[in-house]
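Could you put together the complete structure from these sequences and hints?
There are 2 protein chains.
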Amino acid sequence: MVHNFSAGPCILPQEVFKEASEAILNFNNLGLSLIEISHRSAAFVDVMEEARALVKELLNVPNGYTVLFLQGGASLGFLKAAYNMAGTHKKSAYINTGTWSTKAIKEARFTGEVDVIASSEDKGFNYIPKGYTVPQDVDYLHFTTNNTIYGTQFKALPEVGNVPLVADMSSDIFSKEIDASAFDLIYAGAQKNMGPAGTTVFIVKDEVFGRSPLQIPTMLNLETHAKKDSMFNTPPVFAVYVSMLNLRWLKKNGGVKAIEAVNNKKAETIYNEIDRNDKFVGFAAKEDRSNMNATFNLVDDSLKERFDQLLKEANINGLKGHRSVGGYRASMYNALPLSSVEAVVEVMRAL
Amino acid sequence: MVHNFSAGPCILPQEVFKEASEAILNFNNLGLSLIEISHRSAAFVDVMEEARALVKELLNVPNGYTVLFLQGGASLGFLKAAYNMAGTHKKSAYINTGTWSTKAIKEARFTGEVDVIASSEDKGFNYIPKGYTVPQDVDYLHFTTNNTIYGTQFKALPEVGNVPLVADMSSDIFSKEIDASAFDLIYAGAQKNMGPAGTTVFIVKDEVFGRSPLQIPTMLNLETHAKKDSMFNTPPVFAVYVSMLNLRWLKKNGGVKAIEAVNNKKAETIYNEIDRNDKFVGFAAKEDRSNMNATFNLVDDSLKERFDQLLKEANINGLKGHRSVGGYRASMYNALPLSSVEAVVEVMRAL
Numbered sequence: 071m072v073h074n075f076s077a078g079p080c081i082l083p084q085e086v087f088k089e090a091s092e093a094i095l096n097f098n099n100l101g102l103s104l105i106e107i108s109h110r111s112a113a114f115v116d117v118m119e120e121a122r123a124l125v126k127e128l129l130n131v132p133n134g135y136t137v138l139f140l141q142g143g144a145s146l147g148f149l150k151a152a153y154n155m156a157g158t159h160k161k162s163a164y165i166n167t168g169t170w171s172t173k174a175i176k177e178a179r180f181t182g183e184v185d186v187i188a189s190s191e192d193k194g195f196n197y198i199p200k201g202y203t204v205p206q207d208v209d210y211l212h213f214t215t216n217n218t219i220y221g222t223q224f225k226a227l228p229e230v231g232n233v234p235l236v237a238d239m240s241s242d243i244f245s246k247e248i249d250a251s252a253f254d255l256i257y258a259g260a261q262k263n264m265g266p267a268g269t270t271v272f273i274v275k276d277e278v279f280g281r282s283p284l285q286i287p288t289m290l291n292l293e294t295h296a297k298k299d300s301m302f303n304t305p306p307v308f309a310v311y312v313s314m315l316n317l318r319w320l321k322k323n324g325g326v327k328a329i330e331a332v333n334n335k336k337a338e339t340i341y342n343e344i345d346r347n348d349k350f351v352g353f354a355a356k357e358d359r360s361n362m363n364a365t366f367n368l369v370d371d372s373l374k375e376r377f378d379q380l381l382k383e384a385n386i387n388g389l390k391g392h393r394s395v396g397g398y399r400a401s402m403y404n405a406l407p408l409s410s411v412e413a414v415v416e417v418m419r420a421l
Numbered sequence: 071m072v073h074n075f076s077a078g079p080c081i082l083p084q085e086v087f088k089e090a091s092e093a094i095l096n097f098n099n100l101g102l103s104l105i106e107i108s109h110r111s112a113a114f115v116d117v118m119e120e121a122r123a124l125v126k127e128l129l130n131v132p133n134g135y136t137v138l139f140l141q142g143g144a145s146l147g148f149l150k151a152a153y154n155m156a157g158t159h160k161k162s163a164y165i166n167t168g169t170w171s172t173k174a175i176k177e178a179r180f181t182g183e184v185d186v187i188a189s190s191e192d193k194g195f196n197y198i199p200k201g202y203t204v205p206q207d208v209d210y211l212h213f214t215t216n217n218t219i220y221g222t223q224f225k226a227l228p229e230v231g232n233v234p235l236v237a238d239m240s241s242d243i244f245s246k247e248i249d250a251s252a253f254d255l256i257y258a259g260a261q262k263n264m265g266p267a268g269t270t271v272f273i274v275k276d277e278v279f280g281r282s283p284l285q286i287p288t289m290l291n292l293e294t295h296a297k298k299d300s301m302f303n304t305p306p307v308f309a310v311y312v313s314m315l316n317l318r319w320l321k322k323n324g325g326v327k328a329i330e331a332v333n334n335k336k337a338e339t340i341y342n343e344i345d346r347n348d349k350f351v352g353f354a355a356k357e358d359r360s361n362m363n364a365t366f367n368l369v370d371d372s373l374k375e376r377f378d379q380l381l382k383e384a385n386i387n388g389l390k391g392h393r394s395v396g397g398y399r400a401s402m403y404n405a406l407p408l409s410s411v412e413a414v415v416e417v418m419r420a421l
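Protein chains in written order, with our numbering: chain A, 71 to 421; chain B, 71 to 421.
Check the hints yourself; a few may be wrong.
No distinction is drawn between identical chains; accordingly, a pair holds when it is met within one copy or between any pair of copies.
DSBU-like mimics (lysine-lysine), calculated; alpha carbons at most 35 Å apart, straight line [what the hints assert, rightly or not]:
1) 160 / 382
2) 225 / 126
3) 382 / 298
4) 374 / 173
5) 173 / 126
6) 173 / 225
7) 176 / 193
8) 297 / 374
9) 193 / 297
10) 161 / 225
11) 193 / 298
12) 298 / 390
13) 160 / 374
14) 297 / 382
15) 322 / 356
16) 327 / 298
17) 193 / 390
18) 173 / 297
19) 88 / 126
20) 335 / 374
It should be emphasised that the hints constitute simulated quantities derived from the structure, not laboratory data.
And the structure:
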């Protein structure tokens, strides 16, 4: 058994792999592969509709929102968010909490003025900014709910007053309960808690459609896709299907509330060891620690070789920190069992 | 056995389905699924590099070109083409041969002036325009090599003089030999002859990078992806992998030249029957008939019910014409065996 701590694409449930594998050979007993049928066939339209409905159900999304499965990753989502959320103020506010926020800000500058109202860049993004005020003369506030690279996570929503709220939730969507009604737009790449790489979910308040004063290219306009039930062009069939399977699995296992309890337990387990064990030090500020990605370093780097060897012997995979910060990172997405976190703790104690 | 004439996503070789299915459970004997490993792992980087190399090898792409596997479909490719091919003339030329060309033209208008130099719209797009002149004061000429909906296909390249040539080859790439060196940019959605839905291949002359005077959003700039070996952001892992498997299959079976001979034979078989059989009439002008998509109608519509019933009894799937033109369409992509075409001919004779 491999303990898979990959930061994304990442572990998904074994039963999802099994079902996906079978569908590649014979989907729904059609005698055809999932990937050779028309995306407009009844069988695939059902998949798309179930996937969209599961997103709404699992996140308790109220009426008046539309769920889309698109292509391009959150990286193209940065641009789509900026185009579609633009408004009469011709200015947006962003909180910069690391690599992904920085990229989102860069894309937003293609469509208008950006006010970076708070940033944790001064300390290498090891905390979540607080004490900022959101100006009321902006079209929206954008933030990144969880920062995979640095291991930080917002524990409360920014107080925005009347400003529409937009979040890139790529790395913690479906990991904990959220108040979807607080958002005008949520988007997230699939390849953490939702499914395989290749699709990006958008949860859009219907009032957003048609609001932007900008000329938006067809494929970047969320309304294009909403009008066609997320089938304006050929969707990424396999990625949508496996996301649907994975959301089914989540529902069967008690939904977001139940997985949040497991995720809390996993996070507590590793952070307790990081704090208890003199050989390790956490990277992120304690109050901002991510429940998805625990980042930590060895106090004495000369132990690196031995620690890496012990991890390898214990079949622990993907614990290396992101190349931009180094150290270690335990990505503990929904499908990662507590026993895998306990395996890491055991190695940390054996060091 | 189902005869799968789906227009795309479409039939792929059975051995590709088998290998893909296995990789979902255990990829490269890693004890991990293809879709749970890091896209930056050596195992997946190898897949991406092999896929890119196979495109070059199979299409005889000369040095000085870069192959990319991106997301968004040809539909987003329309915009990428326009952004990246823009130049000092601030004007582009397009040939309009149907639905996809029309969409490409629409997106190009976001970035500059478009001169539609030829169109077959006057006859419902049932032919390929000829006798036009390509103006020399444009940044590029764009055309759609094969038109799935109408069943027309360019049999020769437009004569462009010194104007850079751009083609959307979504529905006939890898089906016949091409002179890649004649193009500055080729792009194609995977879901016909290359692989499953979810990725789009771009073959870019290196001189194109940095040529555009436009400010191009990061993800739409082909140079962004070229600089990162098609891994700027998380690629659509599964779609790239299956495309690679399918290109391996094509190479093993003699490459594009060999499949072209089979494709010619399949097309000849069905068109001969359409012309011989008084009950049917072809939709496209004879000299412009597509070898990928044969479109035809019943002369007497009252036979429709019986013909559809006979097709069903023969396990023939996906022969219904596109909703915008009606009638019938036999999509005969690379993996469709001649025997499936013969099965259709048999039913046509039995009617």
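Which numbered hints are broken by the structure, listed smallest first? 1, 13
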